[in-house]
Structure formats: structure tokens, C-alpha cells
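Novice: Here the protein sequences line up with chains B and A, keeping their order. Note that numbering that gives the first Met the number 0 gives residue 4 to position 5 of the first sequence, counting from 1, and the numbers run on in steps of one. Note that numbering that gives the first Met the number 0 gives residue 6 to position 7 of the second sequence, counting from 1, and the numbers run on in steps of one.
By construction, these hints were calculated from the structure, which means they are not laboratory data. Treat the hints with caution; some may be incorrect.
[Unchecked claim] In the EDC-like style, the derived pairs of lysine to aspartate or glutamate whose C-alpha atoms are separated by at most 16 Å in a straight line are:
# : chain 1 : residue 1 : chain 2 : residue 2
1 : B       : 76        : B       : 38
2 : A       : 2         : B       : 38
3 : A       : 2         : A       : 30
4 : B       : 2         : A       : 25
5 : A       : 76        : A       : 32
6 : B       : 76        : B       : 45
[As the list claims (entries may be wrong)] Not the full set, but computed from the structure, chain A residues with beta-carbon under 10 Å of chain B:
#  : residue
7  : 10
8  : 23
9  : 24
10 : 29
11 : 32
12 : 33
13 : 41
14 : 43
15 : 44
16 : 62
17 : 63
[As the list claims (entries may be wrong)] Footprint (simulated), chain B over chain A, 3 or more residues, beta carbon under 8 Å:
#  : region
18 : 12-22
19 : 49-60
20 : 64-70
No residue lacks a Cβ here, since even glycine has one placed at the ideal position from N, Cα and C.
2 protein chains.
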Amino acid sequence: MSKALFFHAGCPICISAEQQVAAALDPARYDVEVVHLGEQKSRIAEAEGFGVQSVPALVIDGQPFHINFGASLADLK
Amino acid sequence: MSKALFFHAGCPICISAEQQVAAALDPARYDVEVVHLGEQKSRIAEAEGFGVQSVPALVIDGQPFHINFGASLADLK
Numbered sequence: 000m001s002k003a004l005f006f007h008a009g010c011p012i013c014i015s016a017e018q019q020v021a022a023a024l025d026p027a028r029y030d031v032e033v034v035h036l037g038e039q040k041s042r043i044a045e046a047e048g049f050g051v052q053s054v055p056a057l058v059i060d061g062q063p064f065h066i067n068f069g070a071s072l073a074d075l076k
Numbered sequence: 000m001s002k003a004l005f006f007h008a009g010c011p012i013c014i015s016a017e018q019q020v021a022a023a024l025d026p027a028r029y030d031v032e033v034v035h036l037g038e039q040k041s042r043i044a045e046a047e048g049f050g051v052q053s054v055p056a057l058v059i060d061g062q063p064f065h066i067n068f069g070a071s072l073a074d075l076k
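Isolated chain B (complex conformation) (with noise of 0.2 Å):
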């Protein structure tokens, strides 16, 4: 099984890719854990760690990909 995590801010561009591609995955395989950035402020520097440079974003294997074009982590701080 491997670790999914999904960075996000609550925001719509958020929500939707939330609800259609972490939701998506496959959960034989991957355990997702959804993180509101937004809410947990502490956890920034985790996603900055894995390369997060927007939210959302999906972490896969510790790799990062960006969803869309959403705000920047520098807003969120």
C-alpha cells in the first residue's frame, strides 16, 4: 500500500480535484490522507518538502503534482 497526500486550501479549484482525482484513486493501492493547508499551517513545510510549490496538489511516492492552477503556498502563510 502506499501513501497518498493531497495539499489543499479549501478552495473550489481545491474541492473539485478533491473530490474527482484523490477520490480517484485506487484504494487497493494507495491510502490517501487529504491535508487542508489551510487549516493546518504547521503542515506547509511538510508539503514544501515534498516540492509543493501550489495546492492542490496530489504527493504519489513522494513525487508532487500540481492540480490545476491554484494558489501558491506563499499565500497561504
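For chain B, the structure is supplied; the task is to place chain A on it using the hints.
Specialist: What follows is chain A alone, placed relative to chain B:
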């Protein structure tokens, strides 16, 4: 079973997104078709019809999700 389309143009960002995001979708719920727009230019209009502006992009239930910041469709024409 829902249809998902993964539009790409063979670039490095595309390949890693394909192998990790498109391939991570739940095969029980999604039938993923991979479309190489560099080789199938006739399908660029189809991608644009879904609102795709750059590749790689995943289209799930008709909604476009651009992944990372790849090449714009205009560059493929």
C-alpha cells in the same frame, strides 16, 4: 464505469504524471485512455473541447485537471 482521458505529448513531465497519476486511478471505477497529442494531432480539438489548455491533463467525467505545468496545447499545433 467512468471514462477518464489522459492527454499528454510525451514530455518528461507527461510520462511521470502518466505513470503515477493516470495509472493510480481505480481500475474498478475508471477506464483510462491515454492519448499522445503529439502523435494524434487530430484529437487536440477534442482536448480543447474539454477545456484542456496544457498537457499533461487528466479529464475525469468531462472535467479537466492539468497536472504540473507542462506544454501548452498551442505549442503542439
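Novice: If any of the earlier hints don't hold here, list their numbers in rising order.
Specialist: Hint check: 2, 5, 7, 11, 12, 13, 14, 15 fail, others pass.
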